[in-house]
Amino acid sequence: MSIKNIRNFSIIAHIDHGKSTLADRFIQRCGGLADREMAAQVLDSMDLERERGITIKAQSVALRYQARDGQSYQLNLIDTPGHVDFSYEVSRSLAACEGALLVVDAAQGVEAQSVANCYTAIEQGLEVVPIINKIDLPSADPDGVCQEIEEIIGIDASQALRVSAKTGLGVEEVLEAVVQRIPAPEGDEQAPLQALIVDSWFDNYVGVVSLIRVVNGSLSKGSKVRVMSTGRSHLADRVGVFTPKMTDRESLAAGEVGFFIAGIKEIDGAPVGDTLTLDGRPCAEPLPGFKQVQPRVFAGVFPINSEDYEDFREALHKLRLNDAALHFEPETSTALGFGFRCGFLGMLHLEIVQERLEREYDLDLITTAPTVVYELLATDGTVSYIDNPSKLPATGSIDEIREPIIEASILVPQDHVGAVIKLCIDKRGVQKKLLYLGNQVSLVYELPMADVVMDFFDRLKSVSRGYASFDYRFDRYQPAPLVKLDILINGERVDALSLIVHRDTAQRRGRELVERMRELVPRQMFDVAIQAAVGSQIISRQTVKALRKNVTAKCYGGDVSRKRKLLEKQKAGKRRMKQVGSVEIPQEAFLAVLQVEKK
Amino acid sequence: MSPTPLPLSLYVHLPWCVKKCPYCDFNSHAVRGSLPEKAYLAALIADLDEELGRAGGRQIESVFFGGGTPSLFSAESIDRLIVAVRRRGSLAPDAEITLEANPGAVERGRFADYAAAGVNRVSVGVQSFDADKLTALGRIHSPRETETTLEELRRADITNVNLDLMYGLPGQDIAAALADVEQAIQAQPSHISHYQLTIEPNTLFHARPPVRPDDDLIADAEIACAERLAAAGFERYEVSAYARDGRVCRHNVNYWRFGDYLGIGAGAHGKLSQGEPLIVSRRWKNRHPQSYMAAPVPPVDGETLMDAAQLRFEFMLNGLRLTTGIHECDYQVRTGSEIGGLRRELEILEEEGMLLSDGDGGWRASALGFRFLNDLQARFLPPRPDAGVSGPGNG
Numbered sequence: 016m017s018i019k020n021i022r023n024f025s026i027i028a029h030i031d032h033g034k035s036t037l038a039d040r041f042i043q044r045c046g047g048l049a050d051r052e053m054a055a056q057v058l059d060s061m062d063l064e065r066e067r068g069i070t071i072k073a074q075s076v077a078l079r080y081q082a083r084d085g086q087s088y089q090l091n092l093i094d095t096p097g098h099v100d101f102s103y104e105v106s107r108s109l110a111a112c113e114g115a116l117l118v119v120d121a122a123q124g125v126e127a128q129s130v131a132n133c134y135t136a137i138e139q140g141l142e143v144v145p146i147i148n149k150i151d152l153p154s155a156d157p158d159g160v161c162q163e164i165e166e167i168i169g170i171d172a173s174q175a176l177r178v179s180a181k182t183g184l185g186v187e188e189v190l191e192a193v194v195q196r197i198p199a200p201e202g203d204e205q206a207p208l209q210a211l212i213v214d215s216w217f218d219n220y221v222g223v224v225s226l227i228r229v230v231n232g233s234l235s236k237g238s239k240v241r242v243m244s245t246g247r248s249h250l251a252d253r254v255g256v257f258t259p260k261m262t263d264r265e266s267l268a269a270g271e272v273g274f275f276i277a278g279i280k281e282i283d284g285a286p287v288g289d290t291l292t293l294d295g296r297p298c299a300e301p302l303p304g305f306k307q308v309q310p311r312v313f314a315g316v317f318p319i320n321s322e323d324y325e326d327f328r329e330a331l332h333k334l335r336l337n338d339a340a341l342h343f344e345p346e347t348s349t350a351l352g353f354g355f356r357c358g359f360l361g362m363l364h365l366e367i368v369q370e371r372l373e374r375e376y377d378l379d380l381i382t383t384a385p386t387v388v389y390e391l392l393a394t395d396g397t398v399s400y401i402d403n404p405s406k407l408p409a410t411g412s413i414d415e416i417r418e419p420i421i422e423a424s425i426l427v428p429q430d431h432v433g434a435v436i437k438l439c440i441d442k443r444g445v446q447k448k449l450l451y452l453g454n455q456v457s458l459v460y461e462l463p464m465a466d467v468v469m470d471f472f473d474r475l476k477s478v479s480r481g482y483a484s485f486d487y488r489f490d491r492y493q494p495a496p497l498v499k500l501d502i503l504i505n506g507e508r509v510d511a512l513s514l515i516v517h518r519d520t521a522q523r524r525g526r527e528l529v530e531r532m533r534e535l536v537p538r539q540m541f542d543v544a545i546q547a548a549v550g551s552q553i554i555s556r557q558t559v560k561a562l563r564k565n566v567t568a569k570c571y572g573g574d575v576s577r578k579r580k581l582l583e584k585q586k587a588g589k590r591r592m593k594q595v596g597s598v599e600i601p602q603e604a605f606l607a608v609l610q611v612e613k614k
Numbered sequence: 004m005s006p007t008p009l010p011l012s013l014y015v016h017l018p019w020c021v022k023k024c025p026y027c028d029f030n031s032h033a034v035r036g037s038l039p040e041k042a043y044l045a046a047l048i049a050d051l052d053e054e055l056g057r058a059g060g061r062q063i064e065s066v067f068f069g070g071g072t073p074s075l076f077s078a079e080s081i082d083r084l085i086v087a088v089r090r091r092g093s094l095a096p097d098a099e100i101t102l103e104a105n106p107g108a109v110e111r112g113r114f115a116d117y118a119a120a121g122v123n124r125v126s127v128g129v130q131s132f133d134a135d136k137l138t139a140l141g142r143i144h145s146p147r148e149t150e151t152t153l154e155e156l157r158r159a160d161i162t163n164v165n166l167d168l169m170y171g172l173p174g175q176d177i178a179a180a181l182a183d184v185e186q187a188i189q190a191q192p193s194h195i196s197h198y199q200l201t202i203e204p205n206t207l208f209h210a211r212p213p214v215r216p217d218d219d220l221i222a223d224a225e226i227a228c229a230e231r232l233a234a235a236g237f238e239r240y241e242v243s244a245y246a247r248d249g250r251v252c253r254h255n256v257n258y259w260r261f262g263d264y265l266g267i268g269a270g271a272h273g274k275l276s277q278g279e280p281l282i283v284s285r286r287w288k289n290r291h292p293q294s295y296m297a298a299p300v301p302p303v304d305g306e307t308l309m310d311a312a313q314l315r316f317e318f319m320l321n322g323l324r325l326t327t328g329i330h331e332c333d334y335q336v337r338t339g340s341e342i343g344g345l346r347r348e349l350e351i352l353e354e355e356g357m358l359l360s361d362g363d364g365g366w367r368a369s370a371l372g373f374r375f376l377n378d379l380q381a382r383f384l385p386p387r388p389d390a391g392v393s394g395p396g397n398g
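These protein sequences, in sequence, are chains S and W. Each position in the first sequence, counted from 1, maps to that position plus 15 in the numbering used here. Each position in the second sequence, counted from 1, maps to that position plus 3 in the numbering used here.
Everything labelled a hint here was simulated from the structure, so no lab data went into it. Watch out, some of these pointers could steer you wrong.
To be verified - So the derived label-pair ranges between C-beta atoms look like this:
id, chain 1, residue 1, chain 2, residue 2, range
1, S, Gln594, W, Gln277, 37 to 45 angstroms
2, W, Glu350, S, Gln594, 28 to 36 angstroms
3, S, Ile319, W, Asp176, 35 to 43 angstroms
4, S, Arg538, W, Glu353, 18 to 26 angstroms
Backbone N, C-alpha and C define an ideal beta-carbon position, used for all residues, glycine too.
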């Protein structure tokens with residue numbers, strides 16, 4: 016197929032605005048799957064994605080479309096995630112495209128996340144085609160939404176297409192628009208191969224599978240391919256496209272998007288953002304690749320069973336292959352043993368990684384309370400970064416602790432603006448901008464990141480009945496009166512429970528945390544003292560009183576099996592706890608701080 | 004035959020009750036229509052013959068008719084069973100023969116007949132002397148019926164009597180628990196079993212738990228009751244068992260000292276040690292009375308050989324219930340293994356304050372170990388759960 020008949024595009028949409036349904040319609044219309052194969056929402060392939068209704072990883076599908084001009088086109092749809100935590104993934108997907116469909120719910124209107132992603136697309140030089148979806152809903156207001164697109168995003172919406180992905184209405188017109196309005200890729204099929212690795216993941220049977228965009232030249236099955244950053248060469252075992260089924264091809268040419276398998280077994284063998292070229296005829300320069308992302312939220316993650324440590328490490332390496340945003344390095348905790356300090360883009364990212372580790376790799380993990388990264392100015396003038404509260408040095412050597420400040424953009428219907436402002440004030444926010452745009456209000460706040468990562472997103476959704484949307488970017492570090500809050504159990508400092516908090520809230524946080532811990536730590540054979548301390552000063556104390564007895568005395572006519580079961584059950588319960596000194600602490604207690612936050 | 008055969012007991016399970024109590028997870032079944040006494044008795048005797056054959060002529064030191072409510076069975080049936088044991092020349096002349104009876108489920112004058120059949124010890128399911136508590140427990144009897152039953156026992160001249168009492172009952176404060184103990188003492192039994200009400204899986208109470216006093220109050224009530232019992236001359240010799248004048252339940256002591264026992268009747272468990280080196284096996288019978296009666300002889304539901312780890316666990320599990328604890332000499336005789344490896348664990352527990360040593364091979368739970376007996380016993384659990392030991396009551 017000529018490069019002129021190829022179109023590479025993404026769909027930008029907020030969660031639930033109908034991206035997956037629209038993608039399914041495309042696949043159906045272009046005959047990618049028989050009806051019986053159409054499990055709803057094919058593109059979200061991880062169980063987790065489907066359950067949560069969000070897309071995490073880039074996926075692609077190559078569609079064959081017979082357009083009204085009589086020509087046949089190859090439309091490559093590259094999926095993008097729709098959650099605030101994953102904006103980095105979006106720019107990766109967009110790098111493989113020449114155009115993007117901006118899908119907006121006709122009843123809900125424009126949301127902040129779509130605005131941010133739309134700007135990313137425009138910055139990367141993509142053609143943006145606005146689509147108003149769900150026009151079949153009784154509450155649909157397509158005209159109002161068009162006006163919002165023009166006012167909030169600032170692009171021309173006069174040509175916006177009005178569709179219902181659910182009923183199929185207008186879907187044909189969208190495919191026509193993809194052909195007519197999105198430019199064909201540019202590239203030289205005769206030039207030396209330059210292919211961008213958009214995504215890579217590990218498959219237990221074939222090794223590393225990479226999603227690639229061929230920029231110049233062509234990549235044939237059987238050719239010797241060089242990964243430019245490592246300089247290592249591999250034989251291309253298979254190349255092809257997803258239709259969405261994995262379909263082998265003889266080659267992929269300039270402008271095409273597809274998969275590449277070269278029997279690479281080491282998981283760092285084909286890094287995302289790297290360039291592939293031919294061993295025999297290499298290109299001069301690698302492609303620009305992607306900007307490294309900085310994780311913003313850190314937490315210690317520890318296997319409950321110490322024997323799982325090696326499996327855990329391997330699982331993290333495999334996950335990182337297609338999740339460049341995931342950072343980790345070994346961490347040793349006196350309370351929790353050997354584990355990893357992991358860095359995440361945000362709380363959802365953390366939750367998803369933890370769930371994937373538990374589900375796909377069958378690991379039982381304890382995650383400590385997440386923290387942001389603090390900047391530390393020492394008395395000797397050196398600057399360092401702290402991603403683990405237990406690593407905060409003694410107060411004497413600290414000149415200043417600085418906390419990260421973000422700039423949050425929030426879009427909210429007028430009715431809920433009061434509640435959202437109150438929430439921002441609660442979270443120590445400083446208002447930077449307030450703009451009325453039709454029925455919506457655009458707010459910009461500066462907020463301490465520590466107050467945002469925990470539960471801001473959930474709270475925002477609840478105070479606005481789900482209507483507010485938000486996006487944020489890191490702005491700067493700013494000095495703040497921060498102290499380390501320690502938890503002591505029977506006099507022993509539990510490193511995994513330390514927190515960095517504002518001095519003004521330390522008293523309250525300490526008290527709440529100790530109270531919550533008292534509820535979570537079961538009574539044991541002796542009294543357990545739970546204390547909160549700032550430095551050497553104890554600011555709160557609770558006691559879990561000793562259990563009086565643990566005896567079961569029945570006599571079952573010589574049958575000990577029930578008694579044995581009971582003892583085994585009690586013992587298994589203890590195995591799920593972590594021993595700190597002589598005290599057994601359940602997993603939940605390590606997350607008590609979060610539960611206090613969410614109250 | 005091992006050189007010094009262990010004491011051997013016989014347990015006979017009679018699985019019917021007038022009504023199933025909401026807290027009870029024993030293998031008991033409410034009587035529907037009439038008791039199939041004759042058919043059950045025939046099955047028991049066939050079962051008994053087979054078991055006595057296995058035991059190879061060893062003498063039976065104690066017999067225990069448990070249930071269910073054994074007192075629903077006629078004295079004639081009990082007599083036929085005892086005769087069957089005796090006829091095989093297997094019953095020790097001084098054997099302890101206990102029968103469980105529930106107030107409200109004994110016909111008038113029946114105790115004298117039981118005694119005539121050879122029953123020399125009766126265990127009465129009193130549970131409480133308080134009418135409200137009995138109602139809360141779903142018992143069919145009233146305090147008045149308890150009095151009648153105790154009066155009947157006196158009339159039959161049966162003096163070796165146990166009273167079962169429960170504490171930790173819904174709405175029961177310390178004074179009420181003490182009042183029950185007081186009344187039990189007044190009845191001058193030889194033995195009192197003082198059990199805490201516990202909620203077991205597969206019971207009505209598990210599905211609809213009653214509100215019970217808090218754990219601390221229950222612990223205080225237990226201490227107060229134990230003190231009162233001690234003052235009245237009842238010596239605590241096991242977690243829940245108190246005896247006057249040394250009149251312990253020999254049958255139960257044999258379980259706790261990890262002796263051998265044959266089990267006949269629906270769901271009954273047995274344990275038998277044979278040979279040199281020692282082979283210890285467990286077997287258990289079909290649980291449901293109908294399938295028990297229908298099964299070919301022997302009506303065995305399952306059988307397993309116990310390995311060293313199981314033997315060690317069960318020896319400790321049982322022995323530590325006794326206030327006198329265990330003795331290293333018994334360990335070798337009853338498990339076939341040297342105490343060797345176990346001694347280190349015993350010493351660690353001594354350091355932790357859970358066990359006391361008499362310096363001469365005897366080990367017993369300390370006051371702390373006795374209060375946390377489950378934790379102490381769990382220290383001897385075999386490394387991995389073994390599917391081999393399962394039986395009635397599981398599921």
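| query | So which of those numbered hints doesn't the model satisfy? | reply | Hint 2 contradicted; others consistent.
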